[in-house]
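Number of protein chains: 2
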Amino acid sequence: MKALSTLALAAVVATATLPASAQFAKPEDAIKYRQSALSVLGTHFGRLGAMANGKLAFDAKAAQESAEIVAFMSKLPWAGFAAGTEGGKAKPEVWKEQAKFHDLSDKMQAEVVKLNAAAKTGNLDSLKAAFGPAANSCKSCHDSFRNR
Amino acid sequence: MKALSTLALAAVVATATLPASAQFAKPEDAIKYRQSALSVLGTHFGRLGAMANGKLAFDAKAAQESAEIVAFMSKLPWAGFAAGTEGGKAKPEVWKEQAKFHDLSDKMQAEVVKLNAAAKTGNLDSLKAAFGPAANSCKSCHDSFRNR
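Respectively, the protein sequence lines represent chains G and Z.
Numbering follows the UniProt record's numbering, in which position 35 of the first sequence is assigned residue number 35; successive positions increment by one, without gaps.
Numbering follows the UniProt record's numbering, in which position 27 of the second sequence is assigned residue number 27; successive positions increment by one, without gaps.
Isolated chain G, as found in the complex (with noise of 0.2 Å):
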């Protein structure tokens, strides 16, 4: 009985909330969206490639700042890529190749992972030896799935 109740329950909520794909009233919001995510994570890792690369001098806490949003920003631009949602510089190959796109999305993901531990250090070294993967593993989704 209960579990006859759980699973009428669910079905009323499966029906009542919008699914993922309909997150987003509009295409174009979803393409804003995740526009507005990898921008905002863009600037961050920029700052952090910048005093990696000595074009700007190491902070220790606002590479530690940037480093704690970049890898919190890693997990929202996803959503913004459902299925329907197609345009922007996204290249159709994010929806033909889906496993692939996941895999890099991941891989990026565990990248800054990292990069926030490394940034945590407070060693300009370690962001060095973290910042390399990290931008790798945005440049090869890059590469496959974003026209220039």
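Hints may be right or wrong, so weigh each one.
Just so you know, same-sequence chains aren't split out, so a pair can sit in one copy or run between any two.
Stated by the list, open to error - Restricting the straight-line Cα-Cα distance to at most 25 Å, the calculated cross-link-like pairs of lysine-lysine (DSS-like) are: (1) K32 with K55; (2) K120 with K26; (3) K61 with K32; (4) K128 with K139; (5) K26 with K139; (6) K26 with K61; (7) K120 with K139; (8) K55 with K128; (9) K96 with K128; (10) K26 with K55; (11) K55 with K91; (12) K139 with K55; (13) K114 with K100; (14) K96 with K32.
Simulated from the structure, these hints should not be mistaken for laboratory data.
Knowing the structure of chain G, use the given hints to seat chain Z on it.
Structure of chain Z alone, referenced to chain G:
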């Protein structure tokens, strides 16, 4: 001697590090940054509002995720309103009435901390109670400082 070296080092760092107002290479970068951060915030705030107003089925987990994102994002846009970054939808009053602008942005951040705590209870009534004051804190800042 140690104190002197520390001071000397501090002077070098202070010279080499960009001031907060120069975190962005161009004013357009700051405008894009603050708009992107506020856009991501707005997407999730809008979802919470839709749940609070019964336009979207209440999903406790989704509400918690959105409220967490709103609370995190609420800290970011302000660095993008540094001196010399006038433009976008921001009224000149942002830079002319800094004390008021900071008061209202602080108020918003305090309200979304409460909203986040309310969402964590998993209770729709708590979410509804916290959403109104949070929405008003957005509106009062927009009314004074954002062009329509």
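Hints and how they fare:
In this homomeric assembly, K32 and K55 come within 25 Å of each other (Cα to Cα) only across copies, at 22 Å, whereas the closest approach inside a single copy is 30 Å. Taking identical chains as interchangeable, the C-alpha atoms of K120 and K26 are never at most 25 Å apart, the minima being 39 Å within one chain and 28 Å between chains. Within a single copy, K61 and K32 get their C-alpha atoms only as close as 30 Å, which misses the 25 Å cut-off; across copies the closest is 24 Å, which meets it. Taking identical chains as interchangeable, the C-alpha atoms of K128 and K139 lie at most 25 Å apart only when both belong to the same chain, with a minimum of 17 Å there against 42 Å between chains.
Within a single copy, K26 and K139 get their C-alpha atoms only as close as 28 Å, which misses the 25 Å cut-off; across copies the closest is 24 Å, which meets it. With identical chains, the CA atoms of K26 and K61 are at most 25 Å apart between copies only, with a shortest distance of 23 Å across copies and 39 Å within one. Taking the shortest Cα distances, K120 and K139 sit within 25 Å of each other inside one copy (24 Å), while across copies they are farther apart (36 Å). When the C-alpha separation of K55 and K128 is checked against a cutoff of 25 Å, the pair qualifies only within one copy, where the shortest distance is 12 Å, while the shortest distance between copies is 47 Å.
In this assembly of identical chains, K96 and K128 lie within 25 Å of each other by CA distance neither inside one copy nor across copies; the values are 35 Å within and 40 Å between. With identical chains, the CA atoms of K26 and K55 are at most 25 Å apart between copies only, with a shortest distance of 16 Å across copies and 40 Å within one. Taking the shortest alpha-carbon separations for K55 and K91, neither the intra-copy value of 32 Å nor the inter-copy value of 33 Å comes in at or below 25 Å. Proximity of K139 and K55 under a CA criterion of 25 Å is satisfied intra-copy only: 20 Å inside one chain copy versus 40 Å between copies.
Taking the shortest Cα distances, K114 and K100 sit within 25 Å of each other inside one copy (21 Å), while across copies they are farther apart (40 Å). For a Cα distance limit of 25 Å, the shortest separation of K96 from K32 inside one copy, 21 Å, qualifies, whereas the shortest one across copies, 30 Å, does not.
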